[in-house]
Amino acid sequence: MNDRIDPHRLDALAPQASEVEAPPKPGTTKTAKPAKTQVGYVGQSVPRANAKRLLQGRGAYTDDLKFPRLAHVVFFRSPHAHARLKKLDLSRAARQPGVIAAFDGRAIADYCTPWVAVLGHLKGIKSPPQYAVAIDRACWQGEAVAAIVAETRAQAEDALGHVVAEWEELPVVTDMEDALANRTVIHPELGDNICFARSFETEGFDAAMKKADLVVEETYGFGRHTGVTMESRVILADYNAAEHSLTVYHATQAPHMMQDIFSRHLNIPEANVRVICKDVGGSFGIKVHVYPDEMATAALSVMLRRPVKFVADRLESFLTDIHAREHKATVRLACMKDGTIVGFDLDDLTAIGPYSVYPRTSGIEGNQVVNLTGGPYAHKAYRAKMNVVFTNKNVTCQYRAVGHPIAVALTEAIVDLAAQKLGMDPAEFRRKNLIADDAYPYSFPSGLKFEKLSHHQCLDKLLALMDYTGLRAEQAALRKQGIHRGIGLAAMIEVTNPSPAFYGVGGARISAQDGATVRLEPTGMVTCLVSVTEQGQGTEGVFTQVCADAVGVSIDKVRVITGDTGVTPYGGGTWASRGAGIGGEAVLQAGKALRANILDIAAAVLQVDRATLDVRANSVVDKASGEERLPLAEVGRIGYFRPDTLPMKFQAELTVTRHYTPREYGFTFTNGIQASYVEVDTDTGFVKLLRHWCVEDCGTVINPLLVDEQIRGGIVQGIGAAMLEECLYSAEGQLLNGSLADYLVPMTGDTPDIEIAHVSTPTRQSELGAKGVGEAGTAGAPGAVMNAINDALAPFDARVRVQPFTPERILKALGKI
Amino acid sequence: MEDRVEATITVNGTRLTRRIEPRMHLIDFLREELGLTGSHVSCEHGVCGACTVRVDGEIRRGCLMLAVQADGKTVDTVEGLSDSGELAVLQQAFHERNALQCGYCTPGMLLTAQALIKEHPEATREEIREFMSGNLCRCTGYQAIIDAIETVLRTPRTEGVR
Numbered sequence: 001m002n003d004r005i006d007p008h009r010l011d012a013l014a015p016q017a018s019e020v021e022a023p024p025k026p027g028t029t030k031t032a033k034p035a036k037t038q039v040g041y042v043g044q045s046v047p048r049a050n051a052k053r054l055l056q057g058r059g060a061y062t063d064d065l066k067f068p069r070l071a072h073v074v075f076f077r078s079p080h081a082h083a084r085l086k087k088l089d090l091s092r093a094a095r096q097p098g099v100i101a102a103f104d105g106r107a108i109a110d111y112c113t114p115w116v117a118v119l120g121h122l123k124g125i126k127s128p129p130q131y132a133v134a135i136d137r138a139c140w141q142g143e144a145v146a147a148i149v150a151e152t153r154a155q156a157e158d159a160l161g162h163v164v165a166e167w168e169e170l171p172v173v174t175d176m177e178d179a180l181a182n183r184t185v186i187h188p189e190l191g192d193n194i195c196f197a198r199s200f201e202t203e204g205f206d207a208a209m210k211k212a213d214l215v216v217e218e219t220y221g222f223g224r225h226t227g228v229t230m231e232s233r234v235i236l237a238d239y240n241a242a243e244h245s246l247t248v249y250h251a252t253q254a255p256h257m258m259q260d261i262f263s264r265h266l267n268i269p270e271a272n273v274r275v276i277c278k279d280v281g282g283s284f285g286i287k288v289h290v291y292p293d294e295m296a297t298a299a300l301s302v303m304l305r306r307p308v309k310f311v312a313d314r315l316e317s318f319l320t321d322i323h324a325r326e327h328k329a330t331v332r333l334a335c336m337k338d339g340t341i342v343g344f345d346l347d348d349l350t351a352i353g354p355y356s357v358y359p360r361t362s363g364i365e366g367n368q369v370v371n372l373t374g375g376p377y378a379h380k381a382y383r384a385k386m387n388v389v390f391t392n393k394n395v396t397c398q399y400r401a402v403g404h405p406i407a408v409a410l411t412e413a414i415v416d417l418a419a420q421k422l423g424m425d426p427a428e429f430r431r432k433n434l435i436a437d438d439a440y441p442y443s444f445p446s447g448l449k450f451e452k453l454s455h456h457q458c459l460d461k462l463l464a465l466m467d468y469t470g471l472r473a474e475q476a477a478l479r480k481q482g483i484h485r486g487i488g489l490a491a492m493i494e495v496t497n498p499s500p501a502f503y504g505v506g507g508a509r510i511s512a513q514d515g516a517t518v519r520l521e522p523t524g525m526v527t528c529l530v531s532v533t534e535q536g537q538g539t540e541g542v543f544t545q546v547c548a549d550a551v552g553v554s555i556d557k558v559r560v561i562t563g564d565t566g567v568t569p570y571g572g573g574t575w576a577s578r579g580a581g582i583g584g585e586a587v588l589q590a591g592k593a594l595r596a597n598i599l600d601i602a603a604a605v606l607q608v609d610r611a612t613l614d615v616r617a618n619s620v621v622d623k624a625s626g627e628e629r630l631p632l633a634e635v636g637r638i639g640y641f642r643p644d645t646l647p648m649k650f651q652a653e654l655t656v657t658r659h660y661t662p663r664e665y666g667f668t669f670t671n672g673i674q675a676s677y678v679e680v681d682t683d684t685g686f687v688k689l690l691r692h693w694c695v696e697d698c699g700t701v702i703n704p705l706l707v708d709e710q711i712r713g714g715i716v717q718g719i720g721a722a723m724l725e726e727c728l729y730s731a732e733g734q735l736l737n738g739s740l741a742d743y744l745v746p747m748t749g750d751t752p753d754i755e756i757a758h759v760s761t762p763t764r765q766s767e768l769g770a771k772g773v774g775e776a777g778t779a780g781a782p783g784a785v786m787n788a789i790n791d792a793l794a795p796f797d798a799r800v801r802v803q804p805f806t807p808e809r810i811l812k813a814l815g816k817i
Numbered sequence: 001m002e003d004r005v006e007a008t009i010t011v012n013g014t015r016l017t018r019r020i021e022p023r024m025h026l027i028d029f030l031r032e033e034l035g036l037t038g039s040h041v042s043c044e045h046g047v048c049g050a051c052t053v054r055v056d057g058e059i060r061r062g063c064l065m066l067a068v069q070a071d072g073k074t075v076d077t078v079e080g081l082s083d084s085g086e087l088a089v090l091q092q093a094f095h096e097r098n099a100l101q102c103g104y105c106t107p108g109m110l111l112t113a114q115a116l117i118k119e120h121p122e123a124t125r126e127e128i129r130e131f132m133s134g135n136l137c138r139c140t141g142y143q144a145i146i147d148a149i150e151t152v153l154r155t156p157r158t159e160g161v162r
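In the order they appear, the protein sequences are chains Y and H.
Once you know that position 112 of the first sequence is 112 in this note's numbering, the rest is easy, because the numbers rise by one and skip nothing.
Once you know that position 95 of the second sequence is 95 in this note's numbering, the rest is easy, because the numbers rise by one and skip nothing.
In short, the hints are calculated from the structure, not lab data.
Check each hint, because a few of them may be wrong.
Claimed, not checked - Stretches of chain H that chain Y covers, calculated by requiring three or more beta carbons in the stretch to come under 8 Å of a beta carbon on chain Y:
no., stretch
1, 32–45
2, 94–107
3, 137–143
Glycine included, every Cβ here is placed at the ideal spot set by N, Cα and C.
Work out the full structure, taking the sequences as your base and the hints as a guide.
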C-alpha cells in the first residue's frame, strides 16, 4: 500500500449502523439525504445510482440503439373494427425507395406460429389462435395485416401509402352487453362471445343475506384506459443466420418469458435466444405481454437475416398497447342495523377485445375482481358472477393493479352507501367491519388466505395523518358557504409476491421464482446479477442496498446488473409487485452466502476460527473488536490470483447464486388505506383534488424514498383513471381519442400533493420481509376519489358511478344537463 | 423524395453543416443524424414535452420544429447542458429527491425546469406546477419533481454554480 489514503480504511472508520441517525421516517422523504453509513442500508432513503445516467440523457433505451444493416418495420393496420380482407396488394409498396420487403400474414406465419392465450386454472377460458400478422380478417381497428420493412422508418412509412387493400366490413360488436347476448358472434368457431366465466358462492349465502337488515345495491362503470408509457413499445431483433441465434433488445418486463416465447414460436432453440432489456421507459404492465407486431418483428429479422427494429408511434400505442378495465359491475352489500356487514354479491361484466392476450390471458383482471371484492372486510357471505366477453375493440390485459382498482372502487363505494343509509360515519363503519388486526392467518370467503394484515392500524394512522375530525368540521363549515368538499376513504388489499399459483399452475411458462448471483471481484467490488428487471421503479437501487448489507460492503462497492437472459439467473421479471419482495430475498440469500464464503477464505488465510470473523465496511474484521483483519480487495487478490497460498484442498468460491420462491401463501397480501379530499364546482362539474393520503403496509420498507415515490406515481395513475382517462370508441369500433391531444392524462396541474405513511408488518415467509408496493397507489386511488366526489355531492342527493368522473357526468348526476 | 437542404446549426457548442431532408423534425435530426439520444420522442405531437430542447436560449419541442428551421441557430440538449455543468444543481436535486423513475421524461423536465429557474426564480409552488404543466411524467406523480425544483429555487445560489 502506498501513502495515499486507503478508501477501505476510511470506510472502516465510518460509524456503524447503530451509531448513525435513524433513517428518515416514511412520509418525510422530502428532505431525504443520501445515506452515509456503510451498513444498514435497508430502510434508508438511498438515492439510486442508476438514475445518474438517466439524468444526463445518457441512458440507452432500445430505440437509441443502432446496428449495421438495421432495418425498420412499420405495419399496415386495419382501418375497420371488423372486416374481411378481400384483397391485399403489396407489390407497389415493395417497389418504393428504400423498401427491403413487404409481407402479409401468411408469409410471416411460415416463420412464427400462432398462439392461443388460455390457462389451465382458468377453467373454460377460450380464445382463437392469434397470428403475428392477421390473415384474411381484422378484428379490431389497428390490427396489423401487413408489414413493410425499409432502410429507414420514414421510407417504410412512405411505402404504407402504396398498400392496396380491399375490405368487406363485418358486423361489429362493441358493447359488452351486446357481446354477452351473443347476437353476433365474433369468432363463430368458439360458439359464443364468452372468453371466460366464473361464478362463486359461499355456503348458505342466500340464507345469510336474507337475515340482513339492509341491502344496498349499485351498478358501477369503469372506462377502458391504457398505460401510456412515455417510451412506447420498442423491439430490436437481431438474427444471426450462422448461429441460428436471435438476440432481442426489448423494452419488456419479463425477458425470460419472452426468451421462451421467441424460442417456441420462431422455432429457435431456447439457448440460442437472448433477450436484453436496456433502459426501459416505463412499463406499468403494458410491456409484459406478447404483442403480435413485436413477434412479427422478430420473425422478420429471421426472414431477412438482418436486425429489424419496430417502434410503436404514439398513435399506434393507443390502438395496440393493451387497454384495461372496461367493466360494468353490480354489487350488493347486506348489513345489520348496527353496521355489521353480512355479505357481498357481485355481478361483473368485462370486455377484452377480440383475443385473450398471450400468455397471461385476459381472464385475470375479472378473476381478480372476483377474488378481491369485499377484501378488507370480515363478512362471511359472498357470491360472485363474472363474464369476460370478446368485442371488436383493442385487446385488454393486465395493467398496473390488475382488477384491484375495480374491486376496491366498487367495494368502497357500496360500503360508503351502506354507511350513509345507516347514518354512520364512513370511518366508523369501516372500523366496525375491517378484519381485526389479531385475526390472522385469515381465510377470506373468496378462498384467499391472508398471512398478516394491519387494517386497523392503517385506519387509525390515516385518520390522524389527515386530521379526519378537523377535516369533517372544515367540510361542514364550508358547506354553509356553498363550497362543496368531500372526503373519501378507500381501504384495500393487494396481491403481491405471487407464488406459482398465479400463472405457473395454469401451464404458463412464467417463472414465479427469481435468482441472484453475487460475485466478489478481485478488487473487492461486488457484482450482483438479478433476474428481476428495472423499469424505473428502482429495483436495481434496492438490490444494491440489500446486497451491500448482506455481504457487508458499502453501496458504492456494489454493481447490479439486470435484464439480460444471457447473463442473469432465470426468473420472472417485474410484474404483480414482485420485484423487491422476491428478487430482494434472492439477493439477500446470495449475499449472505457470499459473505460466508469470504469468511471461509479469511479464516484460512488468517488461521483463525471463522466464527471470530465478520465482514463489515468492505473488510473482514474481528467480530468482537471490529478490528480490521483483511480488506475484501485482499480476499479477492488471494482468492483469484494466489489460491496457491490457501490450504491444499480449499477452493475459494467467490460467486454464489441463490433463488427464492414464495410458497407458503398463494400471494403475499398487503393492505393499506387511502383518503381523498376534493372540491366539486357544482356549476361547472369540475373537481379539484385538494389533498390525498395513503397509509400502506408493504412489510419491510427497503427504501422509503423509492417506496413513497412508487406509491405517489401509482396514485396519480389511479387519479387519471378516476378523472380523465378513457379510450372512447364509436359504435363502429373506431377509437375516437387515440392521441395525447385527445386522451387526457394527469399533468402537474391535475395532481394534488400526496402524504404517505407506513405501517410495517413484514412477511414471515422471507427473511427480508418485503411485500410489494408498486401497484398499491393505483389500486386504491380511484375508489377514494369516487367516494370523495360522492361525499361532496351528498347534499344534492346525487351520486356518480361511472369512471372517469368527467364534468359532464357530474353535471348529469346533479340534474343540471 | 424531397431534395435535401443545407443547414448550419450550432449544437451543444459545435457548429456543423448538414444536408437535411426538409421534412425531418429537429428531434429526429438530433437523435438519428447526430446520435444525441438524450432528448426523447414520446408523443410526436407536441403534448408531452419529452423532446424539449433549447433553441437560441428558448425551450422548444423538438417534434414541432423542423431541423432546417434551426439553420443559423444554436441548439442545446441535455448532453451539452450536462457537460457544461449548467444542469448540475437541478440534476443533483432530482437525484436526491428521486424526481425521476424511468427517466424518459427527465431531460425534457430538466430543460423546462431550468427555464423556470432562469425566468421565474421567485416562483411559488403553484407557479412551478403551472410552468411544468406541459411536461408529462407517467411515473412519479410529479410531487418529487415539484419538490426538487422548489429546493433549487429556495437554495441560495453560490457564485459559479450556474
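Here's how the hints hold up against the structure:
1. With 11 residues having a Cβ less than 8 Å from any Cβ of chain Y, the stretch 32–45 of chain H passes the three-residue criterion, so the hint holds.
2. Against chain Y, the stretch 94–107 of chain H contributes 13 residues with a C-beta closer than 8 Å to a partner C-beta. That satisfies the three-residue criterion, and the hint holds.
3. Here the stretch 137–143 of chain H counts 7 residues with a CB under 8 Å from a CB of chain Y, which clears the bar of 3, and the coverage holds.
In this structure, none of the earlier numbered hints is contradicted; all agree with it.
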